[in-house]
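Chains as they are written, first to last, in the numbering used here: chain A, 23 to 355; chain B, 23 to 355; chain C, 23 to 355; chain D, 23 to 355.
Please note that the accuracy of each hint is not assured.
[As the list claims (entries may be wrong)] Within a straight-line C-alpha distance of at most 27 Å, the following computed DSSO-like cross-link-like pairs (lysine-lysine) qualify: (1) K308(A) <-> K102(D); (2) K147(B) <-> K102(B); (3) K147(A) <-> K102(A); (4) K308(A) <-> K102(A); (5) K102(D) <-> K308(D); (6) K239(A) <-> K239(C); (7) K102(D) <-> K102(A); (8) K102(A) <-> K147(D); (9) K147(B) <-> K102(C).
These are calculated hints, taken from the structure and not from any lab test.
Number of protein chains: 4
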Amino acid sequence: MRFFSDNAAAAHPRVIDAIAASNRVSTAYDGDDYSARLDRAFSDVFETEVRALWVTTGTAANCLALAAMCPPFGAILCHKDAHIENDEAGAPGFFSGGAKLMLVDGPGAKVTPDALAAACDRVRKDVHQVQPAALSITNATEYGLAYSVAEVGALGEVARSRSLAFHMDGARFANAIVSTGASPADVTWRAGVEALSFGFVKNGGLNAEALVLFNSKLADEIAVRRKRAGHLLSKGRMLAAQILAMLDGDLWLDNARAANAAAQSLAQAAPGRLVYPVEANELFLKVSAEEAAALRGQGFDFYDWGVGEIRLVTSWDQQGAEVDRLATAIAAL
Amino acid sequence: MRFFSDNAAAAHPRVIDAIAASNRVSTAYDGDDYSARLDRAFSDVFETEVRALWVTTGTAANCLALAAMCPPFGAILCHKDAHIENDEAGAPGFFSGGAKLMLVDGPGAKVTPDALAAACDRVRKDVHQVQPAALSITNATEYGLAYSVAEVGALGEVARSRSLAFHMDGARFANAIVSTGASPADVTWRAGVEALSFGFVKNGGLNAEALVLFNSKLADEIAVRRKRAGHLLSKGRMLAAQILAMLDGDLWLDNARAANAAAQSLAQAAPGRLVYPVEANELFLKVSAEEAAALRGQGFDFYDWGVGEIRLVTSWDQQGAEVDRLATAIAAL
Amino acid sequence: MRFFSDNAAAAHPRVIDAIAASNRVSTAYDGDDYSARLDRAFSDVFETEVRALWVTTGTAANCLALAAMCPPFGAILCHKDAHIENDEAGAPGFFSGGAKLMLVDGPGAKVTPDALAAACDRVRKDVHQVQPAALSITNATEYGLAYSVAEVGALGEVARSRSLAFHMDGARFANAIVSTGASPADVTWRAGVEALSFGFVKNGGLNAEALVLFNSKLADEIAVRRKRAGHLLSKGRMLAAQILAMLDGDLWLDNARAANAAAQSLAQAAPGRLVYPVEANELFLKVSAEEAAALRGQGFDFYDWGVGEIRLVTSWDQQGAEVDRLATAIAAL
Amino acid sequence: MRFFSDNAAAAHPRVIDAIAASNRVSTAYDGDDYSARLDRAFSDVFETEVRALWVTTGTAANCLALAAMCPPFGAILCHKDAHIENDEAGAPGFFSGGAKLMLVDGPGAKVTPDALAAACDRVRKDVHQVQPAALSITNATEYGLAYSVAEVGALGEVARSRSLAFHMDGARFANAIVSTGASPADVTWRAGVEALSFGFVKNGGLNAEALVLFNSKLADEIAVRRKRAGHLLSKGRMLAAQILAMLDGDLWLDNARAANAAAQSLAQAAPGRLVYPVEANELFLKVSAEEAAALRGQGFDFYDWGVGEIRLVTSWDQQGAEVDRLATAIAAL
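This is chain A alone, in the form it adopts within the complex (with noise of 0.2 Å):
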């Protein structure tokens, strides 16, 4: 029963269904009509003109936005614990040509405006040091808490004063709208947010992420930098298809809604053992060796964090009856 990681999950059926249902569209790249309606659909969703990008991975949404939104010689503030710190195996760098991650620190991976004040301010304004340029923040964190439109705002605030461009990983930015009950353009372009990786694949999609440009000058630089960097699909309309069908009916709402109720369920088994407040759909539990091997025993899967602490993710497509008996097994620890 995997407990491990969303990035595992299913496709949704419809989906599937979408990218073989656009199999028979003979136009290459994104000259396609699916790619043609993604601006269209994410200006819906975020009320607002905005261009939106298909590639196929995170790190390349957030790379390739990073790359055009902060020089070579630029750093790019985000929490110690980022996605783009720790797991995109120093693509910032590539992406960038070698831009520098200036990490702030906080509890729960999330950035405050404080923290981020005193980032900058530790920097002489001289040539000998890098100087901020971007600050990326991930929404949901990477331990699954959700930023409010406030936090974002004051965020964004700071980032103006200090000439910083804005970026949100929003790998998990369904869950993160789901908990909170934003709209999504508060939580992003109105707090001040000008790129966002639009996650679909944690979330239902098989493989395809959107990049959603609130400040549309970043669009035509970021489509030269996604052809060269191999990733421009010549049938790319497969891309755009299961994003507009993710987006159809809202069922990237209705998938995160599963997950984070999931997870919910999970958080009511273990009221005292949570790291964190549960938030999306990750949990963080107070869980010994001993009591994980247990787990593992009975079947679940999941990867410790640390010592004495566990990750949980629960994704779309976890069936009922898996998270009833994880949660009995959590309860009866």
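Chain A is fixed; fit chains B, C and D onto it per the hints.
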């Protein structure tokens, strides 16, 4: 009627089925059983132990390989009409960290041993000039010619004697194999090729290409570079499943046979117009602007190729009636 | 007797004196009074407000400028015989993060407006091909020709109309100015040039070149890139002091006049052998292998330049007797 | 009175003389007799065969070495206060093509074997995390501490066992050698160091540093990288001549002795204020803002170092009277 490129052809139904069938494997990245079978499957095709990695585009396959085969301060020798020079948006420079493409000329986009040796000889052996480090050829070439085993072997000899790594861009490898009847082993590693970008997308795949490494020492580094370039898909199983479906029962050869046969039909209708022999699934025809307009007027879609020439590309899914109609139309010009 | 290159000439005694005289300034990097005077000094030479940065090599000057003038995904148009293409070890690719050199041909290493426009026109306006972003010309050229004001202006027009940044590699700028009598302003910014690598090392400097920025918006970024490339010397005062010594009393023009005059003396001895007109301090002569050997036998040191040609370069410090002896020897061949 | 940095000190008169004396050598780049003598001269200092290359800055020396010692996708372990992390404008990322600095902590900017091993252990051995590839330490450290032979050896052991290349930034190597009395060989290659940035500029040189390669296999690649980075000066003879002058008669040790002695004089005046032991030519003192202002009021120039601390750096050319006045002033606070 699409004759502008095979890159917009449909995916084969068995490929679509394979994607759907692999949807419930709960293992991320390339940890799944499908991915695990690639090494074996390609080792069988090539009659030797190889390592094989999936990627989503030919550009990624080419440039990940070249980045591992050429240092940032080295040069990659290729034909001036090579895809890596003309159609990858500078990706070789990006992936390699600034390596130089050193161009050689020759009819039909073929690199000859003499041209290769001469290009190497033009370089002074000092630190002021970029030194040759790798050779990349395209088979079938950008003008639809297939290298013979002897031709590749002769290039392999030069490469060996000059200490050049040797890469083959096989975006249309299947068409070349069908055309020459050469064994995959003879025209690659037995002739000195160390890495092959084995194309499937133009030949019935959806979005999976294979990077086949005869020099298996390259594999671990390329796996890291793949992740770092954002090309490690979390549901990579569906790329592996596609490739396995293409190899299964030699679907890749059947599809290439169909595309090549369609090209031969067209060639027979235009004997006096052929710019190059038709050895794969591309035709370059001498056709005036008026004639081209007339063909387009009948619903045929293709590219002009300089002044007074057009390019036609046939695909595995080209319907016989379409091909016949085009053949008739050309003959009637 | 050294005729192989001016880059090995002595530094002028006033330059050496200036280094010694600046030794006791206790300010690091470019914070000293000498460095502070550069902007003013070059603004006087060029009759407009410029920013000027010292560096130690022409390669650094060229490539720092080009990196700021061309994005990593763009192309720099230059002559196929340009120093940046042939003799900088791929430095443009390194500094720019992978930009491509797009080569144009033309006699005497001169770029012509037609060749420039044609090269731009060959590029499809799509994301698959690297788009032209900058132009770099060398004045005097690698074959010792000097651009007229009108020639540079015509290139500037094309550059403007194509949105190309415009850089001039002036490793032998002094020789070109002396040769044409053009004003430094006319042949640079008034003709559209935005950045000039102003060479001193071949002309009596020891190890200081100036990067003169007519587009002053480039200056701050280049200052950062200079540090990042390890080119911000802590005792930069001695670079600035050299340059000021070269500008003082027009020593740079006097030295170039001496070198050009030596070249003219040689040219007059070899009227039938000249491959190009002699407009600066380089001569390319048709000389057989036997004749070249005979000259070398008399103690003259120079490079062969392909088959049946040799290159001679005169220097500011060339002694009249040496030049006379060589002129006599050539005439006697 | 300059106590803010030794990097602004004068060049030693013998260095200036050496530059003037080498002015008439008509050989370019590093083809001259001075450059040719460097390998031998450093082989004598280090009691083994080494290769030595001149460069003009410590940043260039450090980053050329690190680029050859760490792949673009690897990590360089260093102290969080290391010069390469804080004061080189991201040059390690630029030269290496995007390698990551992985920071370790420890008092006095010293890397300890335990901290090094722990940092390595924190990295998962998979393609998602950047893998450690090199270690760089600074000796003397950025806080003026000198590594003992045993300390370097212990780090060398960890490096060997973890397959890390091992680089030493010796911007103040001379001061460290004088301080510990260790032999240059013992504290470098015999302890596992493969490349040393051997600093001269802070110690009486004008603008020449040496990159000393105990692992001579690195030399040819670094020579290419040096040219490619614009660091191959055409009159490199004058860099070599400087270095030879510094080595001649152990001038480098004499100068360091003078600077260290000046630091000891100051240390004795401020026993209760020392933040770190004074082992080279840097002092970090607890001094209030008012006290700092008082010292500045007397004409002493130095940097604040965080709140309530100042940094003083002595130089080879510091006059005894200046040092005595500062010592008196500190004692009188």
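Verification of the supplied hints:
A hinted pair counts as satisfied when its Cα atoms are at most 27 Å apart, and K308(A) with K102(D) does not qualify at roughly 31 Å. Note on K147(B) and K102(B): the hinted pairing holds, with a Cα-Cα distance of about 23 Å set against a maximum of 27 Å. A C-alpha spacing of about 23 Å is found between K147(A) and K102(A), which places the hinted pair at or below 27 Å, so the restraint holds. Annotation: proposed proximity of K308(A) to K102(A) holds, straight-line Cα distance about 21 Å (limit 27 Å).
In summary, the hint linking K102(D) to K308(D) is supported, as the alpha carbons are separated by about 21 Å, within the 27 Å threshold. Using a Cα cut-off of 27 Å, the hinted pair K239(A) and K239(C) holds, with the two alpha carbons roughly 20 Å apart. For the given pair, K102(D) sits about 14 Å from K102(A) by alpha-carbon distance, which is consistent with the 27 Å threshold. Between K102(A) and K147(D), the direct Cα distance comes to roughly 19 Å. Compliance with the 27 Å bound is thereby established for this hinted pair.
For the hint linking K147(B) to K102(C), the alpha-carbon distance of about 19 Å falls within 27 Å, and the restraint holds.
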